[in-house]
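J.: Assemble the whole structure, with the sequences as input and the hints as a guide.
Protein chains: 2
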Amino acid sequence: MTRKTSRSIEWRSECPISSALDILGDKWSLLLVRDLIQHGTRTYSEFTEAKEKISTNILADRLKLLSDLGIIERVAADRSARNNAYQLTKAGLELREVLEALGRWSYENMRESHPEIVSID
Amino acid sequence: MTRKTSRSIEWRSECPISSALDILGDKWSLLLVRDLIQHGTRTYSEFTEAKEKISTNILADRLKLLSDLGIIERVAADRSARNNAYQLTKAGLELREVLEALGRWSYENMRESHPEIVSID
DNA sequence: GCGCTTAACTTGCATTTTGCAAGTTAAGTT
DNA sequence: AACTTAACTTGCAAAATGCAAGTTAAGCGC
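Line order of the protein sequences matches chains A and B. Read in order, the letters of the first sequence correspond to residues 17 to 137 in this note's numbering. Read in order, the letters of the second sequence correspond to residues 17 to 137 in this note's numbering.
Just so you know, the hints here were simulated from the structure itself, not pulled from any lab data. Computed from a prediction, not measured in an experiment: that's the story for all the values here. Hints are supplied without guarantee of correctness; some may be wrong.
Each pair may be met inside one copy or between any two copies, as identical chains are not told apart.
Derived DSBU-like pairs (lysine-lysine); straight-line CA-CA distance at most 30 Å [as the list claims (entries may be wrong)]:
1) Lys-43 <-> Lys-67
2) Lys-80 <-> Lys-43
3) Lys-106 <-> Lys-43
4) Lys-106 <-> Lys-69
5) Lys-106 <-> Lys-80
T.: And the structure:
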């Protein structure tokens, strides 16, 4: 069982693929990274405006996870949440290659199952 | 809410990244693909021998999902399960790029959080 | 052909995660 | 100071996950 407490990931093995999935293997985390790659910065409300309609409790949970992992950060560390936004860190920016590979793969292979899928390149 | 019935994925949007996550956004599906990339073919029991120790009910569920999506298939379509194994289809093989990107990313970025992580390249 | 072994699952149930909807807090505005 | 509202939190129901035991029938040996 994988139990996640603050800053305490339960790694299933030493394999890097497995480890990536231990932290990002859910339906929402990489979508938040996608939004930040597309827009640069995002506020809490802006995340909820994406087409996929994330619930606010899941959004809060994932933003905390991604912050704790050093993948995203506040734009201005010294400002309150209300007057602030999120952006990707260096590690977060390096997820672009993963997202591009995922997007290409599903555009090329899922058009039969999902005829409305569009290319984003 | 995403509800998965046989061959009925609930796509959250038309974005290919979102769509990839609709089907592969969990901790186990891409791990099974990893095992097939590494070994070529795998039987049901061989999947359970991997370091991560998947539960058999989850394994059965994910194998069915991946088969239904055309990502994996039986090695010999005409043989019983007991005398058979799984392999990747063409679409499944094309996930290698995604897995390599994930593995590289976490090896380069998660070593502080996960000191035992190893390179698989 | 029968009996046994066991691989490939299935099932029951507890736990955890997800998600809806409403609520809370306090920052920002007037 | 009062009001508005962005960023969350909470309670609860539903769904997913996972443990452990059980079932089915394929495959093998005799």
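J.: Pop the pair Lys-43 and Lys-67 into one bin, within, between, both or neither, using alpha-carbon distances up to 30 Å.
T.: both (14 Å within a copy, 24 Å between copies)
J.: Given identical chains, is Lys-106 near Lys-80, meaning Cα to Cα at most 30 Å, within a copy, between copies, both, or neither?
T.: Within one copy only: 17 Å inside a chain, 37 Å across chains, cut-off 30 Å.
J.: First find the shortest C-alpha distance between Lys-106 and Lys-69 inside one copy, then the shortest across copies, and answer within, between, both or neither for a cut-off of 30 Å.
T.: within (27 Å within a copy, 32 Å between copies)
J.: Can you give me the call for Lys-80 and Lys-43, within, between, both or neither, at a CA distance of at most 30 Å?
T.: Classified as both; 16 Å inside a copy, 19 Å across copies.
J.: Please work out whether the CA atoms of Lys-106 and Lys-43 approach to 30 Å or closer within one copy, between two copies, in both situations, or in neither?
T.: both (22 Å within a copy, 24 Å between copies)
Of the numbered hints stated above, none is contradicted by the structure.
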